[in-house]
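Visitor: Sequence:
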Amino acid sequence: MADVRVEYPSDGIACIRLNRPQTRNALSWGMAQALYAALDEVDQNQQCRVVILTGEGQSFCSGLDLLDHANSESIAKTVGDIGTGPRAGMRAQEYMAGLVLRMRKIQQPIIAAVNGHAYGGGLALALGCDLRIAASDAKFCTQFIRLGVSGCDIGVSYTLPHLIGAARAHDMMMTARVLDAKQAEQWGLVTRIADATQLLDEAIQLGQSLCDFSPYGLISTKQAMWANLNAGSLEEAMQIENRNQILNGLTGDVEEAAAAFFEKRKPDFNRKA
131 MADVRVEYPS DGIACIRLNR PQTRNALSWG MAQALYAALD EVDQNQQCRV VILTGEGQSF
191 CSGLDLLDHA NSESIAKTVG DIGTGPRAGM RAQEYMAGLV LRMRKIQQPI IAAVNGHAYG
251 GGLALALGCD LRIAASDAKF CTQFIRLGVS GCDIGVSYTL PHLIGAARAH DMMMTARVLD
311 AKQAEQWGLV TRIADATQLL DEAIQLGQSL CDFSPYGLIS TKQAMWANLN AGSLEEAMQI
371 ENRNQILNGL TGDVEEAAAA FFEKRKPDFN RKA
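131 is the number of the first residue of the sequence shown in my numbering; add one for each residue after it.
Check before you lean on any hint, since a few could be wrong.
Stated by the list, open to error - No more than 35 Å apart at the CA atoms, straight line, and that leaves these computed lysine-lysine pairs for DSBU-like:
(1) K207 - K235
(2) K396 - K207
(3) K396 - K235
(4) K352 - K235
(5) K352 - K394
(6) K312 - K352
(7) K235 - K312
(8) K396 - K352
Said to hold, decoys possible - The calculated label-pair distances, taken between Cβ atoms and stated as ranges, are:
(9) L277 - Q174: 45 to 55 Å
(10) T321 - R232: 15 to 25 Å
(11) N360 - K207: 33 to 43 Å
No lab work stands behind these hints, which were simulated from the structure alone.
The model shown is predicted, which means the values in this text are computed figures rather than measured ones.
Here a beta-carbon is modelled for each residue, glycine too, at the ideal position from N, C-alpha and C.
Put together the whole structure using the sequences plus the hints.
Guide: Here you go:
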């Protein structure tokens, strides 16, 4: 059974499904490798406009697979025969944490459809997405500090404060506080809640609405939003926006949007995609 499956439930939409339900989709080295491959697949697919990330079974991702974490054979198959010691540990750490950077860099926006547990590394994956929908039974926890390590891992000390603010992020990372879906929505960790049985349908519907926009407009919005989280000033942020708007103006999509408006029809942004 593949640790990660890629499905195409609708035109322009890919669904990456974490597929180790027997472990609540715990993040093993094999799953990490399969997730990298899945992200590469969708990124190279020019017909794919939006990606949904979800988990098979009762959980999104319950965090790091502790039984597999120190398995030298699993590490060797994934990262290579890196030996032991601090340098080897850093290479393994960077490989796992790099998943969030890869998610950030693919061209498509990613919607996290969070079912059940999003703990530790699972929370990190959800935070690495561009949009988040939670099932009504979803639960969120940083968890790392419970494992005898820092509460900051896989980018969470960056992504979480940007979403919910530093005070609340400190609370979650230092106390391993568990948030239910309602609290997560109130804090801004997710922006929508769906019935568990309708979660994927809601995510697909949201994805379809994004597919109505111009392809490059969607790509450049994702790029600018992530880049401007690091912007040192308003002027710096506006320079990125200005560049993207000029590039978008060269695609022909602005003319198509204007023509569709005056002709009272839906724009056809895929005419040359």
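Visitor: Tell me, in ascending order, the numbers of any earlier hints that this structure violates.
Guide: 2 and 9
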